[in-house]
Amino acid sequence: MENFSFETINGKLQICVSPEHKFGTDAFLLSDFAQVKRKDRCVDLGTGCGIIPLLWFREMEDAPQVAYGVDIQPQAIRQMKQTVEACSLQERLIPVEGDLKDLSPVLPADSFTLVTCNPPYKASNTGILNEADAHTIARHEILCNIDDVCRAAARLLKFGGRLCICQRPERLLDTLEAMRKNKVEPKRLRFVQKKGDTAPWLFLVEGKKGSAPYMKVEAPFLIQQKDSDENSDELRRVYRLI
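So the sequence shown is residues 3 to 244, counted in this note's numbering.
No wet-lab data here; the hints were simulated from the structure.
All C-beta atoms in this analysis are idealised placements derived from N, C-alpha and C, irrespective of residue type, glycine included.
Among these hints, one or two may not hold up.
Unchecked claim - Keeping only pairs whose Cα atoms sit at most 20 Å apart, straight-line, the calculated PhoX-like set for lysine-lysine is:
#, residue 1, residue 2
1, K160, K103
2, K24, K83
3, K41, K183
4, K210, K183
5, K218, K185
6, K160, K197
7, K189, K39
8, K210, K160
9, K183, K103
10, K210, K189
11, K185, K160
12, K210, K39
13, K41, K160
14, K14, K24
15, K189, K160
16, K228, K196
17, K14, K103
Unchecked claim - Just the calculated beta-carbon pair ranges, DEER-fashion:
#, residue 1, residue 2, range
18, R242, V68, 18 to 26 Å
19, L243, P215, 21 to 29 Å
20, E232, A111, 40 to 48 Å
21, D112, D199, 43 to 51 Å
22, E63, L243, 30 to 38 Å
23, P107, R238, 21 to 29 Å
24, E93, K196, 34 to 42 Å
25, D176, T200, 20 to 28 Å
26, M217, D64, 20 to 28 Å
27, Q37, W203, 20 to 28 Å
Could you put the whole structure together from the sequences, leaning on the hints where they help?
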């Protein structure tokens, strides 16, 4: 029997989670960084429980036209379907079970304005792995790598469409190279730090399909207040606590 439970997001939305497919702060950061617009048609690759696209529907008047959540793992899609039903988001938030390396049968090319991905953070050659384990698939490049993600996004995006990714700092060059290789030009980069005097533990990057080279590096996102361990005002904004 599957160990599913529901968590409440901002007192409005219900999301189905499990030990295999849950979410953390990085999902909130990427969802916010993507700056979704009402006219957007979106795809979230490797969606897991579907948290990233679900967050775009916290305020329906600001929500995108439609958002697809793609995952190769059947359990993740079963969870997302329960979330969609619980939140009455049929026709707006659509789970898709499929391999991002071959989405042509289910999602048309050159049709979307925004693609997001919170990809596996670790390369496949980092130790002994259980390739059937959901935790391993989420954390290691077992079923896809960053080049696969960028290639899939480039196929899905319209000209000028945006790809937003979060990743660990040690994978920065891999990510930027994969984006540029697939004609998605890096345009905006932001590092995430615990405090102003600590090293980044995450970065957020946005690329645009077919854009000219020029990348803006934004001020870092600070997780905590300068003089305490309390959440920063910006993180509280992302969590919709202020």
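(request) Given the hint of 20 to 28 Å, check if D176 and T200 actually sit that far apart at their C-beta atoms. (result) Once the Cβ atoms are compared, 23 Å apart, the range 20 to 28 Å for T200 and D176 holds.
(request) Given the hint that K24 pairs with K83, test it: the Cα-Cα distance must not exceed 20 Å. (result) Since the Cα atoms of K24 and K83 sit roughly 14 Å apart, the hinted pair holds (cutoff 20 Å).
(message) Given the hinted pair K210 and K183, is their Cα-Cα distance within 20 Å?
(response) holds, 12 Å
(request) State, for the Cβ atoms of P107 and R238, whether the hinted interval 21 to 29 Å holds or is violated. (result) violated, 42 Å
(request) May I ask you to test the hint 40 to 48 Å on the CB atoms belonging to E232 and A111? (result) Given about 46 Å between the Cβ atoms, the range holds.
(message) Holds or violated: K210 and K39, Cα atoms, limit 20 Å.
(response) holds, 15 Å
(request) Measure nothing beyond the straight line between the CA atoms of K189 and K39; if it is 20 Å or shorter, mark the hint as holding. (result) holds, 18 Å
(request) Go ahead and decide if the range 18 to 26 Å is satisfied by the Cβ distance of R242 to V68. (result) holds, 22 Å
(request) Confirm or reject the claim that L243 and P215 have a C-beta distance inside 21 to 29 Å. (result) Given about 38 Å between the Cβ atoms, the range is violated.
(message) Given the hint of 20 to 28 Å, is the C-beta distance from M217 to D64 inside that range or not?
(response) holds, 27 Å
(message) For a C-alpha distance cap of 20 Å, please report whether K41 and K183 respect it.
(response) Measuring from Cα to Cα gives roughly 28 Å; hence the hint is violated.
(request) Decide if the proposed pair is consistent with the structure: K189 and K160, CA atoms, cutoff 20 Å inclusive. (result) Distance of about 16 Å is within 20 Å: holds.
The structure does not agree with the numbered hints 3, 6, 17, 19, 22, 23 stated previously, though it agrees with the rest.
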